[in-house]
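Number of protein chains: 2
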Amino acid sequence: MVHNRQMRLGAFLMGVGHHAAGWLHPSVDPRALTELRHYVHLAQVAEAAKFDAIFFADNVAMFGRPSELGALAAPLYYYEPLSLLAAIAPQTERIGLIATVSATYLPPYHLARKFASLDHLSGGRAGWNCVTSGSDLEAHNFGLDHQLEHAHRYARAGEYVEVVKALWNSWEEGALLADQAARRFYDPARVHPIDHDGQFFKVAGPLQLDRTPQGHPVLVQAGSSDDGIALAAATAELVFTAQQSREDAIAFRSRLRATATANGRDPDELLVLPGIMPFVAETREEAQRLHDELLALVDPRLGIGFVSGLMGVDLSQYPLDGPLPEPASTEGWQSRQKLLVDTARAEGLSIRQLIARIITARGHKTIVGTPGEIADLLEDWFVSGAADGFNIMPPILPQGLEAFADLVVPELRRRGLFRTEYAGRTLRDHLGLPLPHAPALAAAAE
Amino acid sequence: MVHNRQMRLGAFLMGVGHHAAGWLHPSVDPRALTELRHYVHLAQVAEAAKFDAIFFADNVAMFGRPSELGALAAPLYYYEPLSLLAAIAPQTERIGLIATVSATYLPPYHLARKFASLDHLSGGRAGWNCVTSGSDLEAHNFGLDHQLEHAHRYARAGEYVEVVKALWNSWEEGALLADQAARRFYDPARVHPIDHDGQFFKVAGPLQLDRTPQGHPVLVQAGSSDDGIALAAATAELVFTAQQSREDAIAFRSRLRATATANGRDPDELLVLPGIMPFVAETREEAQRLHDELLALVDPRLGIGFVSGLMGVDLSQYPLDGPLPEPASTEGWQSRQKLLVDTARAEGLSIRQLIARIITARGHKTIVGTPGEIADLLEDWFVSGAADGFNIMPPILPQGLEAFADLVVPELRRRGLFRTEYAGRTLRDHLGLPLPHAPALAAAAE
Numbered sequence: 010m011v012h013n014r015q016m017r018l019g020a021f022l023m024g025v026g027h028h029a030a031g032w033l034h035p036s037v038d039p040r041a042l043t044e045l046r047h048y049v050h051l052a053q054v055a056e057a058a059k060f061d062a063i064f065f066a067d068n069v070a071m072f073g074r075p076s077e078l079g080a081l082a083a084p085l086y087y088y089e090p091l092s093l094l095a096a097i098a099p100q101t102e103r104i105g106l107i108a109t110v111s112a113t114y115l116p117p118y119h120l121a122r123k124f125a126s127l128d129h130l131s132g133g134r135a136g137w138n139c140v141t142s143g144s145d146l147e148a149h150n151f152g153l154d155h156q157l158e159h160a161h162r163y164a165r166a167g168e169y170v171e172v173v174k175a176l177w178n179s180w181e182e183g184a185l186l187a188d189q190a191a192r193r194f195y196d197p198a199r200v201h202p203i204d205h206d207g208q209f210f211k212v213a214g215p216l217q218l219d220r221t222p223q224g225h226p227v228l229v230q231a232g233s234s235d236d237g238i239a240l241a242a243a244t245a246e247l248v249f250t251a252q253q254s255r256e257d258a259i260a261f262r263s264r265l266r267a268t269a270t271a272n273g274r275d276p277d278e279l280l281v282l283p284g285i286m287p288f289v290a291e292t293r294e295e296a297q298r299l300h301d302e303l304l305a306l307v308d309p310r311l312g313i314g315f316v317s318g319l320m321g322v323d324l325s326q327y328p329l330d331g332p333l334p335e336p337a338s339t340e341g342w343q344s345r346q347k348l349l350v351d352t353a354r355a356e357g358l359s360i361r362q363l364i365a366r367i368i369t370a371r372g373h374k375t376i377v378g379t380p381g382e383i384a385d386l387l388e389d390w391f392v393s394g395a396a397d398g399f400n401i402m403p404p405i406l407p408q409g410l411e412a413f414a415d416l417v418v419p420e421l422r423r424r425g426l427f428r429t430e431y432a433g434r435t436l437r438d439h440l441g442l443p444l445p446h447a448p449a450l451a452a453a454a455e
Numbered sequence: 010m011v012h013n014r015q016m017r018l019g020a021f022l023m024g025v026g027h028h029a030a031g032w033l034h035p036s037v038d039p040r041a042l043t044e045l046r047h048y049v050h051l052a053q054v055a056e057a058a059k060f061d062a063i064f065f066a067d068n069v070a071m072f073g074r075p076s077e078l079g080a081l082a083a084p085l086y087y088y089e090p091l092s093l094l095a096a097i098a099p100q101t102e103r104i105g106l107i108a109t110v111s112a113t114y115l116p117p118y119h120l121a122r123k124f125a126s127l128d129h130l131s132g133g134r135a136g137w138n139c140v141t142s143g144s145d146l147e148a149h150n151f152g153l154d155h156q157l158e159h160a161h162r163y164a165r166a167g168e169y170v171e172v173v174k175a176l177w178n179s180w181e182e183g184a185l186l187a188d189q190a191a192r193r194f195y196d197p198a199r200v201h202p203i204d205h206d207g208q209f210f211k212v213a214g215p216l217q218l219d220r221t222p223q224g225h226p227v228l229v230q231a232g233s234s235d236d237g238i239a240l241a242a243a244t245a246e247l248v249f250t251a252q253q254s255r256e257d258a259i260a261f262r263s264r265l266r267a268t269a270t271a272n273g274r275d276p277d278e279l280l281v282l283p284g285i286m287p288f289v290a291e292t293r294e295e296a297q298r299l300h301d302e303l304l305a306l307v308d309p310r311l312g313i314g315f316v317s318g319l320m321g322v323d324l325s326q327y328p329l330d331g332p333l334p335e336p337a338s339t340e341g342w343q344s345r346q347k348l349l350v351d352t353a354r355a356e357g358l359s360i361r362q363l364i365a366r367i368i369t370a371r372g373h374k375t376i377v378g379t380p381g382e383i384a385d386l387l388e389d390w391f392v393s394g395a396a397d398g399f400n401i402m403p404p405i406l407p408q409g410l411e412a413f414a415d416l417v418v419p420e421l422r423r424r425g426l427f428r429t430e431y432a433g434r435t436l437r438d439h440l441g442l443p444l445p446h447a448p449a450l451a452a453a454a455e
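If you're matching them up, the sequences are chains A and B in order.
Sequential numbering from 10 applies to the first sequence in this note's numbering.
Sequential numbering from 10 applies to the second sequence in this note's numbering.
Among the clues, some could well be false.
Rough simulated footprint, nothing fancy, chain B against chain A, three-plus residues with beta-carbon under 8 Å [claimed, not checked]:
no.: 1; segment: 27-36
no.: 2; segment: 90-97
no.: 3; segment: 184-191
no.: 4; segment: 211-217
So, partial list: chain B residues that the calculated Cβ filter (under 7 Å) puts toward chain A [claimed, not checked]:
no.: 5; residue: L33
no.: 6; residue: A95
no.: 7; residue: L130
no.: 8; residue: N150
no.: 9; residue: F151
no.: 10; residue: P197
no.: 11; residue: A213
no.: 12; residue: L218
no.: 13; residue: P222
Derived from the structure by calculation, the hints contain no laboratory data.
Quantities reported herein were computed from a predicted structural model and do not represent experimental measurements.
We treat Cβ as the ideally placed atom computed from N, Cα and C, and that holds for glycine.
With the hints as extra help, turn the sequences into a complete structure.
This is the structure in structure tokens:
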């Protein structure tokens with residue numbers, strides 16, 4: 010069967026793998042996470058498989074103060090992701106380049122300029138995953154004692170996105186002339202200061218570089234809390250999410266699409282990609298072996314630390330085989346906390362069982378199986394409206410990405426679910442997203 | 010004659026050339042300033058000639074509100090320079106990569122992380138030119154009505170540099186272990202929070218990536234005001250400066266070295282590179298022709314605008330052939346204003362004459378001549394203690410850089426003044442600067 014609708018695939022790259030113990034696996038070279046060539050290789054593998062984009066998450070702090078426990082965890086956010094993508098851009102040709110940058114601690118003018126630079130440098134392949142910083146550890150690197158309060162952070166992020174988009178729109182299409190005869194580098198009638206003066210930001214603009222190949226970089230979001238959904242439905246074009254079941258994923262995507270529609274948007278211009286951690290091999294036994302080897306490498310203290318952080322409760326004070334206590338209210342990752350508690354309650358998991366479940370993929374869906382079994386699940390979620398595609402989170406890198414590209418992608422192609430060649434050159438082309446309209450008339454009428 | 014002391018050369022790259030009318034010259038493709046391949050080509054030309062580094066200036070605003078006059082000037086600061094250098098890094102192997110980033114509007118944690126990323130990505134070739142933002146146009150993009158006051162800006166910059174260096178020092182050499190057997194990604198005893206709590210900044214640290222190949226990126230400064238000299242003498246390893254005469258350059262370098270010595274520093278670890286705009290060709294006539302062609306392309310209104318901006322006085326209100334009026338006191342580029350006024354006074358220049366002098370190279374030294382004549386001047390300044398080398402500012406690009414590399418560099422080599430091959434791999438290697446000491450014992454003793 011050939012589908013008209015095509016699946017979108019992101020390669021979510023993180024150090025030497027997403028698995029909490031990935032760096033400890035004997036097949037992995039842990040030092041690769043500090044090497045540019047490792048990331049370039051990953052990007053090239055993903056591009057050869059015709060993924061829509063590679064994607065880097067981010068965080069602006071070490072994972073905890075230096076400690077023996079901290080030293081058990083590989084640093085997942087080593088390179089600053091925009092620098093890394095700029096270095097990867099000239100070594101790839103088509104694949105989209107999505108970086109997470111928090112709206113909390115970087116002035117919006119800087120962010121707009123950096124992503125516009127990346128979009129120009131890459132010929133229209135940039136995407137910005139807009140997040141807010143949700144940890145005190147990050148706040149401590151930016152002059153604050155505590156993170157900003159959750160709702161405030163999102164209200165501020167909403168205005169931030171508005172400023173960034175206005176800056177991206179400050180040069181109309183074609184405003185850069187470079188016309189020696191007319192002695193005009195640009196057309197002053199088509200370059201507009203934004204003169205934004207809002208609750209949180211005051212920014213004059215215009216941007217110092219012209220409209221980018223994509224009009225503006227693709228807007229991505231990853232927050233799944235109520236505040237996150239409201240912001241995504243208002244502004245995002247691509248949403249990354251963690252979903253454990255097909256039904257929850259359908260409900261999440263439906264809610265997002267309905268909210269976007271209520272905002273006057275076309276819901277097909279808002280793509281939802283749940284994260285998927287695939288353990289894939291020619292046989293299910295081989296796939297399960299890698300899964301089990303990695304789980305055996307997880308130090309229980311690391312799992313307790315990770316889940317305690319999300320819960321806002323020190324779980325080392327509770328019996329490992331007892332039930333999960335009530336979570337503390339948090340100003341941090343609200344949606345991930347809810348997912349954790351709901352999963353434990355629904356399945357009656359002990360703390361130990363919850364850790365085993367969650368530590369593998371930090372709440373994202375894990376699948377263990379043959380290429381056909383993995384493709385079955387992806388197809389089922391895709392066809393039933395649970396997803397527009399998936400953000401693939403290999404447990405170890407580069408092996409997990411290579412395995413997915415070699416084994417699962419051909420199977421998706423046989424089913425008519427995934428491209429065999431790029432049809433366009435930009436990330437918007439790959440995703441089927443429209444160019445944002447240039448507000449030429451509105452601005453000219455000011 | 011062979012000199013033991015070797016000249017340092019920076020390639021100061023700016024759009025399609027430093028000359029105010031460079032983009033209008035018929036031999037120039039003005040649209041190249043928006044194209045990555047243009048900058049990659051320039052970096053490769055400079056590397057083939059064994060320059061120490063390429064260097065990008067920066068500014069975080071358009072040069073004025075959009076206007077017909079503004080459209081006469083090419084945008085000199087198009088790409089965000091760190092993104093540009095990250096894209097150039099993998100397409101070069103040895104040449105140093107220096108970017109200007111203002112300390113005024115970017116939190117120091119971000120800056121430290123970005124430059125550490127570039128130093129890792131490039132195998133130890135990063136340099137940070139620390140400036141403060143000196144224009145209201147920039148302030149307006151960051152929530153302020155006016156730029157920060159000059160002395161305050163520099164006091165803040167001093168603490169900023171201290172924070173950035175502390176972050177770069179937060180991982181000791183060898184602290185990243187990636188040791189699977191010991192299950193330690195890093196050694197917690199060798200990674201140190203900085204817990205900085207100062208007048209302007211509060212930053213916990215440590216940085217989230219390990220000590221860089223250069224220990225820390227090379228620290229560059231370009232301010233030549235009293236405040237700028239004090240900051241450079243305290244912290245800089247390389248200083249870019251604008252000097253019109255050999256004697257002034259000798260005095261400037263001596264003062265800087267004396268102040269560094271008074272600070273307990275080795276003055277040979279503080280290199281001074283005046284900017285030089287060379288018009289070079291096989292014959293002097295040909296060189297002069299390019300100079301004159303470019304000068305003829307300068308719109309007088311642009312010159313008046315540029316000089317008015319530096320003076321803080323609207324010169325369009327004064328007769329062009331009359332004397333320069335008194336400047337307004339400024340919180341902006343103090344040292345450049347002084348250079349302007351001193352030059353006009355010393356030589357009795359009219360406003361029109363001053364514009365012709367200054368518009369070519371924005372106050373930097375211009376030389377027109379044959380390869381031998383250019384080399385004579387560089388050798389004279391170098392040997393007499395006016396400079397440790399030069400920051401070469403080609404009037405048009407790529408032609409001006411290619412001409413310097415093809416004509417002047419071989420002449421400098423014949424005189425034993427400049428390398429024929431790189432001796433090392435890092436920017437510190439090229440410049441002969443030591444690795445900064447890792448404050449291991451001090452930190453451990455806390």
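Taking the hints in turn, this is what the structure says about them:
no., hint, verdict
1, 27-36, "holds (count 3)"
2, 90-97, "holds (count 5)"
3, 184-191, "holds (count 4)"
4, 211-217, "holds (count 7)"
5, L33, "5 Å, holds"
6, A95, "4 Å, holds"
7, L130, "5 Å, holds"
8, N150, "4 Å, holds"
9, F151, "5 Å, holds"
10, P197, "4 Å, holds"
11, A213, "4 Å, holds"
12, L218, "5 Å, holds"
13, P222, "11 Å, violated"
Figure legend: structure checked against the earlier numbered hints; the only hint not met is number 13.
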